[in-house]
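Assemble the complex: chain A is given as a structure, and chain B must be docked to it using the hints.
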Amino acid sequence: MAVARTRSVALVGVTGRSVEVEADVGNGLAGIHLIGLPDTALSEARERVRSAMVNSHYPWPDARITVSLFPASLPKRGSQFDLAIAVAILGAAGVIPAERIAEPFFLGELGLDGRLRPVRGVLPSVLGAAKHGEVTVVIPAANAAEAALVPDVRIMPVSDLRQLVEWLRKGDDPPESLPFDLTEQMPPTIAPAVDLSDVVGQPVARRALEVCAAGGHNLWMLGPPGTGKTLLAERLPTLLPDLELDHALEVTAIHSVAGVLPPNSPMINRPPFVSPHHTATSAAIVGGGSAVVRPGAVSLAHRGVLFMDEAPEFPRHVLDALRQPLESGQVTVSRAAGAVTFPARFIMVMAANPCPCAQPQDKGDSCTCTPTVRRRYLGRLSGPLIDRIDMKVTVSRSSRRELMADRQFVESSKTVAARVLTARERAAERLSGTPWRTNADIPSSALHADYRPSDEAMKQVSSCLDSGTLSARGLDRVVRVAWTLADLAGKPKPGPDETGTALALWMGLNS
Amino acid sequence: MEILDRNWRCRHGEIDIIAEDGPALVVVEVKTRSSRSHGTALESVRPAKLSRLRMLAAQWLTTQPRTFQTVRVDVIALERFAGDYSLRHVRGAI
Numbered sequence: 001m002a003v004a005r006t007r008s009v010a011l012v013g014v015t016g017r018s019v020e021v022e023a024d025v026g027n028g029l030a031g032i033h034l035i036g037l038p039d040t041a042l043s044e045a046r047e048r049v050r051s052a053m054v055n056s057h058y059p060w061p062d063a064r065i066t067v068s069l070f071p072a073s074l075p076k077r078g079s080q081f082d083l084a085i086a087v088a089i090l091g092a093a094g095v096i097p098a099e100r101i102a103e104p105f106f107l108g109e110l111g112l113d114g115r116l117r118p119v120r121g122v123l124p125s126v127l128g129a130a131k132h133g134e135v136t137v138v139i140p141a142a143n144a145a146e147a148a149l150v151p152d153v154r155i156m157p158v159s160d161l162r163q164l165v166e167w168l169r170k171g172d173d174p175p176e177s178l179p180f181d182l183t184e185q186m187p188p189t190i191a192p193a194v195d196l197s198d199v200v201g202q203p204v205a206r207r208a209l210e211v212c213a214a215g216g217h218n219l220w221m222l223g224p225p226g227t228g229k230t231l232l233a234e235r236l237p238t239l240l241p242d243l244e245l246d247h248a249l250e251v252t253a254i255h256s257v258a259g260v261l262p263p264n265s266p267m268i269n270r271p272p273f274v275s276p277h278h279t280a281t282s283a284a285i286v287g288g289g290s291a292v293v294r295p296g297a298v299s300l301a302h303r304g305v306l307f308m309d310e311a312p313e314f315p316r317h318v319l320d321a322l323r324q325p326l327e328s329g330q331v332t333v334s335r336a337a338g339a340v341t342f343p344a345r346f347i348m349v350m351a352a353n354p355c356p357c358a359q360p361q362d363k364g365d366s367c368t369c370t371p372t373v374r375r376r377y378l379g380r381l382s383g384p385l386i387d388r389i390d391m392k393v394t395v396s397r398s399s400r401r402e403l404m405a406d407r408q409f410v411e412s413s414k415t416v417a418a419r420v421l422t423a424r425e426r427a428a429e430r431l432s433g434t435p436w437r438t439n440a441d442i443p444s445s446a447l448h449a450d451y452r453p454s455d456e457a458m459k460q461v462s463s464c465l466d467s468g469t470l471s472a473r474g475l476d477r478v479v480r481v482a483w484t485l486a487d488l489a490g491k492p493k494p495g496p497d498e499t500g501t502a503l504a505l506w507m508g509l510n511s
Numbered sequence: 001m002e003i004l005d006r007n008w009r010c011r012h013g014e015i016d017i018i019a020e021d022g023p024a025l026v027v028v029e030v031k032t033r034s035s036r037s038h039g040t041a042l043e044s045v046r047p048a049k050l051s052r053l054r055m056l057a058a059q060w061l062t063t064q065p066r067t068f069q070t071v072r073v074d075v076i077a078l079e080r081f082a083g084d085y086s087l088r089h090v091r092g093a094i
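Protein chains in written order, with our numbering: chain A, 1 to 511; chain B, 1 to 94.
So here's chain A without its partners, still in its complex pose (with noise of 0.2 Å):
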């Protein structure tokens, strides 16, 4: 009898793999054979498809039907390789012309009455698919939104497999790509209900949020409960832009894989917040998995904000588990199955009340901890992941004085955010040329080489790294706070006033 060929997308992490699917429908025994490296739910598929083509009204051929998708090597998991699965039985079968679909990538779940259920991981799977170049694919009618985000590629929602298979075999053209405005579709940035003025007393740890946003450092607040340092990590994602378009992609296809994106706005263009509870296993902080591994908190907040409440109260290895993220911008996990690099490039908030019973010690009030119970505390927090942060900053209680003092001074998040753009603006244009956008992502060679300060500005810094208080790392996190104060001050380069200031919120000695 005959064989088809028809194409499909695996993902491997979050970028999407070319996998080829061939029917071949032959003489012997009944029976449908699926070769290929399958899990389970693609093993399944074998009874989705035959149900999917009955309910159709389309003949399953009484015959020896061999399924293979290639590369044989690659683990295929999932269902969405259901719909090429049936493209390329009917195709052998005769029904539909083989050529037709021999370009096409097919995505999609058939429902035993042949209808196409959505799938996760369409963004990245139709980014994979269009590395092939100016392809059609055909994916299920509920992600269509989500898969026209990938531009110069012919989309074909389509809601069940009678009406694919009318459309093969009429052997009309492909449908013109969806009119699809990428800004119309964009959801109206909503008028976040939290704002920074809410916080009242608290104007170094104001001023140190804003310095995090314009650069994408990473911040540590350390204080007594009630004095808002959840209120003020909340607030950050108010003070940061909307992501540039290659971001949004990445953000929105990791949220794909991870199965979390909103069914009705498939496009994520604001940094996301994410703010793991403090049981939260290191699978779930950096990704993991048995069979399918899927990107942890870490990656779900690629280009946003990871906010670790109660950081101390995470178990120590799921904290140092954040230090490779931290300083190279990805995560690697590895399973047998095989490794996957997920992107987590995030800024990281980190709070801590400073012991466990958390009353104030300043005033004289009734800390009940012994000073072995509060060392032990904070030394969770281990050397290597506080060098990583680049400013710490103490909160305290403020009296009623200062908070009714502070009242008029405190600014809205659209005042600081309109700073906050124009000092990443600064920064951008500086780093033209490079693929660095934010002082937080500069290496630590470049900044050396290229965007070193003055001598004069660098003499308090080089004092600390002789005495042995600042570590190589940590020059290198001063430099680059410095860098993010001048641009937000509006300096050509950080003068002695910017590294001081980056070298006292390092060593968090404000108060």
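No lab work stands behind these hints: they were computed from the structure.
A virtual CB, placed ideally from N, CA and C, is assigned to each residue, including glycine.
Warning: the hint list may mix true and false statements.
One side only, chain A facing chain B, incomplete, derived with CB under 10 Å [unchecked claim]: (1) Asn-27; (2) Leu-29; (3) Ala-30; (4) Trp-60.
Frame of chain A, contents of chain B only:
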């Protein structure tokens, strides 16, 4: 092909047709269906049935003085549609 025996039974089961095709012993399972409401005749023969036939072929051979070079299992599917018959012969199912 020459038929040697039909409906041969032993305590393990029954062989519908035992035939000789050149050097090969052929064990044939005949399946008849009068409608497709319970699936086609061909697909009703499962791998377990085929391996049982293979075992029965060995049983039958122990009762015979002669030997064969190979043993083959065939399936003949007979379906009846509106008074008409269709017959399919799958050679070498195992």
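What hint numbers does the structure not satisfy? As far as the earlier hints go, not one is violated by this structure.
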